[in-house]
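> These are the residues of each chain, in order.
2 protein chains.
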Amino acid sequence: MKRAASTPPPMHGNEMRYNPATGRWVIYALSRRQRPRELIGSREGARTEPAYDELCPFCPGHEQDLPPILLEYGRGDSHRQIRVVRNKYPALTPEGDLKRVCQGMYMRMEGYGHHEVLIESPEHNRQIPVMTPEEVELIIEAYHRRYLKLIGVQKNLLVVIFRNYGRRAGASLMHPHSQIISTGVVPGHVREMEYRAQGYFDQWGSCMYCDMLAEELSAGVRIIHANRSFVSFIPYAAAQPFEIWIMPREHKAHFGDISAEEKTDLASSLHAMLRRIQERLNDPDYNYVIHSSAKYRSDEPQAHWFLQIGPKLTTRAGFEIGSGMSINTSLPEDDAAFLMPDPLPEKGAGNASQE
Amino acid sequence: MKRAASTPPPMHGNEMRYNPATGRWVIYALSRRQRPRELIGSREGARTEPAYDELCPFCPGHEQDLPPILLEYGRGDSHRQIRVVRNKYPALTPEGDLKRVCQGMYMRMEGYGHHEVLIESPEHNRQIPVMTPEEVELIIEAYHRRYLKLIGVQKNLLVVIFRNYGRRAGASLMHPHSQIISTGVVPGHVREMEYRAQGYFDQWGSCMYCDMLAEELSAGVRIIHANRSFVSFIPYAAAQPFEIWIMPREHKAHFGDISAEEKTDLASSLHAMLRRIQERLNDPDYNYVIHSSAKYRSDEPQAHWFLQIGPKLTTRAGFEIGSGMSINTSLPEDDAAFLMPDPLPEKGAGNASQE
Numbered sequence: 001m002k003r004a005a006s007t008p009p010p011m012h013g014n015e016m017r018y019n020p021a022t023g024r025w026v027i028y029a030l031s032r033r034q035r036p037r038e039l040i041g042s043r044e045g046a047r048t049e050p051a052y053d054e055l056c057p058f059c060p061g062h063e064q065d066l067p068p069i070l071l072e073y074g075r076g077d078s079h080r081q082i083r084v085v086r087n088k089y090p091a092l093t094p095e096g097d098l099k100r101v102c103q104g105m106y107m108r109m110e111g112y113g114h115h116e117v118l119i120e121s122p123e124h125n126r127q128i129p130v131m132t133p134e135e136v137e138l139i140i141e142a143y144h145r146r147y148l149k150l151i152g153v154q155k156n157l158l159v160v161i162f163r164n165y166g167r168r169a170g171a172s173l174m175h176p177h178s179q180i181i182s183t184g185v186v187p188g189h190v191r192e193m194e195y196r197a198q199g200y201f202d203q204w205g206s207c208m209y210c211d212m213l214a215e216e217l218s219a220g221v222r223i224i225h226a227n228r229s230f231v232s233f234i235p236y237a238a239a240q241p242f243e244i245w246i247m248p249r250e251h252k253a254h255f256g257d258i259s260a261e262e263k264t265d266l267a268s269s270l271h272a273m274l275r276r277i278q279e280r281l282n283d284p285d286y287n288y289v290i291h292s293s294a295k296y297r298s299d300e301p302q303a304h305w306f307l308q309i310g311p312k313l314t315t316r317a318g319f320e321i322g323s324g325m326s327i328n329t330s331l332p333e334d335d336a337a338f339l340m341p342d343p344l345p346e347k348g349a350g351n352a353s354q355e
Numbered sequence: 001m002k003r004a005a006s007t008p009p010p011m012h013g014n015e016m017r018y019n020p021a022t023g024r025w026v027i028y029a030l031s032r033r034q035r036p037r038e039l040i041g042s043r044e045g046a047r048t049e050p051a052y053d054e055l056c057p058f059c060p061g062h063e064q065d066l067p068p069i070l071l072e073y074g075r076g077d078s079h080r081q082i083r084v085v086r087n088k089y090p091a092l093t094p095e096g097d098l099k100r101v102c103q104g105m106y107m108r109m110e111g112y113g114h115h116e117v118l119i120e121s122p123e124h125n126r127q128i129p130v131m132t133p134e135e136v137e138l139i140i141e142a143y144h145r146r147y148l149k150l151i152g153v154q155k156n157l158l159v160v161i162f163r164n165y166g167r168r169a170g171a172s173l174m175h176p177h178s179q180i181i182s183t184g185v186v187p188g189h190v191r192e193m194e195y196r197a198q199g200y201f202d203q204w205g206s207c208m209y210c211d212m213l214a215e216e217l218s219a220g221v222r223i224i225h226a227n228r229s230f231v232s233f234i235p236y237a238a239a240q241p242f243e244i245w246i247m248p249r250e251h252k253a254h255f256g257d258i259s260a261e262e263k264t265d266l267a268s269s270l271h272a273m274l275r276r277i278q279e280r281l282n283d284p285d286y287n288y289v290i291h292s293s294a295k296y297r298s299d300e301p302q303a304h305w306f307l308q309i310g311p312k313l314t315t316r317a318g319f320e321i322g323s324g325m326s327i328n329t330s331l332p333e334d335d336a337a338f339l340m341p342d343p344l345p346e347k348g349a350g351n352a353s354q355e
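Going down the list, the sequences are from chains A and B. Just so we're aligned, residue 1 is where the first sequence starts under the numbering used here, counting upward by one. Just so we're aligned, residue 1 is where the second sequence starts under the numbering used here, counting upward by one.
Hint data in this document are derived by calculation from the structure and do not stem from the laboratory. Beta carbons are placed, not taken as given, at the ideal position from N, Cα and C, and that holds for glycine. A portion of the hints provided could be inaccurate.
What the hints assert, rightly or not - Label-pair restraints from in silico Cβ distances:
1. 203(B) - 154(A): 26 to 36 Å
2. 250(B) - 195(A): 28 to 38 Å
3. 340(A) - 67(B): 33 to 43 Å
4. 31(B) - 259(A): 51 to 61 Å
Claimed, not checked - A partial selection of chain B residues facing chain A, derived with a Cβ cut-off under 8 Å:
5. 23
6. 24
7. 187
To be verified - Sample of chain B residues lacking proximity to chain A, with all beta carbon distances greater than 10 Å (derived):
8. 60
9. 63
10. 73
11. 129
12. 249
Assemble the whole structure, with the sequences as input and the hints as a guide.
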């Protein structure tokens, strides 16, 4: 990976960048950095939680209150590690019907879908940054198994895997967990990204995401981490500070097609990125989500799955709601430099308790 | 307005509704209401601020630190009431150039546009709910003047008027203020709403928003407030709890075409709605934004401007980011009933200090 290459030449004043994947302009408002509100919270280092919380429904001993367990396993013959259950307060349920019902000029239907919770560890405070890479790989393995299971259900058209960490990111429980939702519709937002990638393919004859990856590897200035199968970078037109895309080097539309080798490497990339933002950004709340193609599109040459991490450091306000444009107070190149291993010594690197 | 009409018949379990204006499905997850996190904050009544804060840059006496004043006026020969200035930390500046610059496969340009702050009162704590309707009308008048001024600038293609109230809504200062941003591009999000309205017009031969208004007036169950020129309602497929649309009865694409009578009535509707959410929802943070057509579309038969209010009671999380769908924990009909005058006596109604 070359690093020296093309830092974009500075522009007069602020700058706008176009994201070809979403069709959205992002405004880089660097002068707004001087506002009193700071980007990075004042918390000193990682938050602390006990290893066991007797009020937490995901801690061991509350199994009688959990919905039926769908999947449970550990490494080799070790103790139980991962547990997948139906969400107790589901947004969507498999009993729903997809029949559309007209109501005047409007339309509605029952809330069909699956909503599962993946409890990532029996320990209440064992978040991904303190797990071993092998433990993280178990999470990726569970994602893969549930993804294949759910996309295989005839009525499901999309499976969304995501993780909300902290209250600002929408999490109501701190126990390490991810969520999986399947839907019986393809949302307009997913179709729009599909159309844009298709338009690009029809014009250039190549996958937009493969080209983006080549561009990032060539420019070098927005890459934070890379291994055998994945490259982690701040996208050129990141909509918010420290947004990270973990992109597979190999072109695949469908997360379900991830290989065994890729699962190991995704675990390693995810682990590294979540540790990095915890250490460098004072343990911020964040969301991540796996973008994968809708059903029937998994062989399309233009689609390319990836994982997107968004630390919650800023607030979506009136202008964003009205225009769909974002105002980002820092440049992707600066964010990448801040997250690269060089500027600060890697805290805890080689620390046996963390690796 | 008839109220008894068509409450939608209940569905089994959760429900999904389609918003024809945005093309987005919204999931109504009523069971999720039982989660520990409460929708309405624990704050008891309105927040309190002093009438004057010597550290606030918008309070009188800090004029030397303000950017040049663009507009300033009051009622008749009364003291100064409204003041519009350039934003000191602008997201966009009029010096920017609209020339697109390629950078590898990407594209960028300078951050062209106007970014203004409308200081709504000299008093630090004179928020809209405690203003007189006449004072609110002065704000609407200022919106109108600046809108006409900015949309008249040749390079501007869109003008967005918005208000962020409270930290969760992205406001860094509590002094009563709104913001106005003009852009030299039409954002994809605005175009998408335009296309959907155009598709509807091409199919049905009428304005989608006019039809929505007729539908709401006929159903009656989502309307909160109505006067001579405006109807305020929770849209059928509201993306979040207590989202309110204030819709002009008369079909106009362009906020710039608002009449004198409509300005009076919009002030009255906005005043009533902001008081209502302050009283009933414990003074929540909120954003509002005026949706108006992009330039060159102001004569189109399908576009219809309106004002959207979004109280910040929930958090956009991983699923929303990945799918573009929203999970709403309450039904629009229930929200409307909660905000209607009937269930609680109007606090402060007839109170001379508030009217």
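> None of the hints should be skipped; say for each whether it holds.
For each hint, the structure was consulted:
1. 203(B) - 154(A): 26 to 36 Å: holds, 31 Å
2. 250(B) - 195(A): 28 to 38 Å: Roughly 35 Å apart at Cβ, these two residues keep to the hinted range, so it holds.
3. 340(A) - 67(B): 33 to 43 Å: holds, 37 Å
4. 31(B) - 259(A): 51 to 61 Å: violated, 38 Å
5. 23: Holds: closest Cβ of chain A sits about 4 Å from residue 23(B), inside 8 Å.
6. 24: Hint on residue 24(B): holds, closest Cβ of chain A at ~5 Å, below 8 Å.
7. 187: holds, 5 Å
8. 60: holds, 20 Å
9. 63: Given a closest Cβ separation of 20 Å, the condition holds.
10. 73: holds, 24 Å
11. 129: holds, 18 Å
12. 249: holds, 17 Å
When held up to the earlier numbered hints, the structure conflicts with hint 4 and nothing else.
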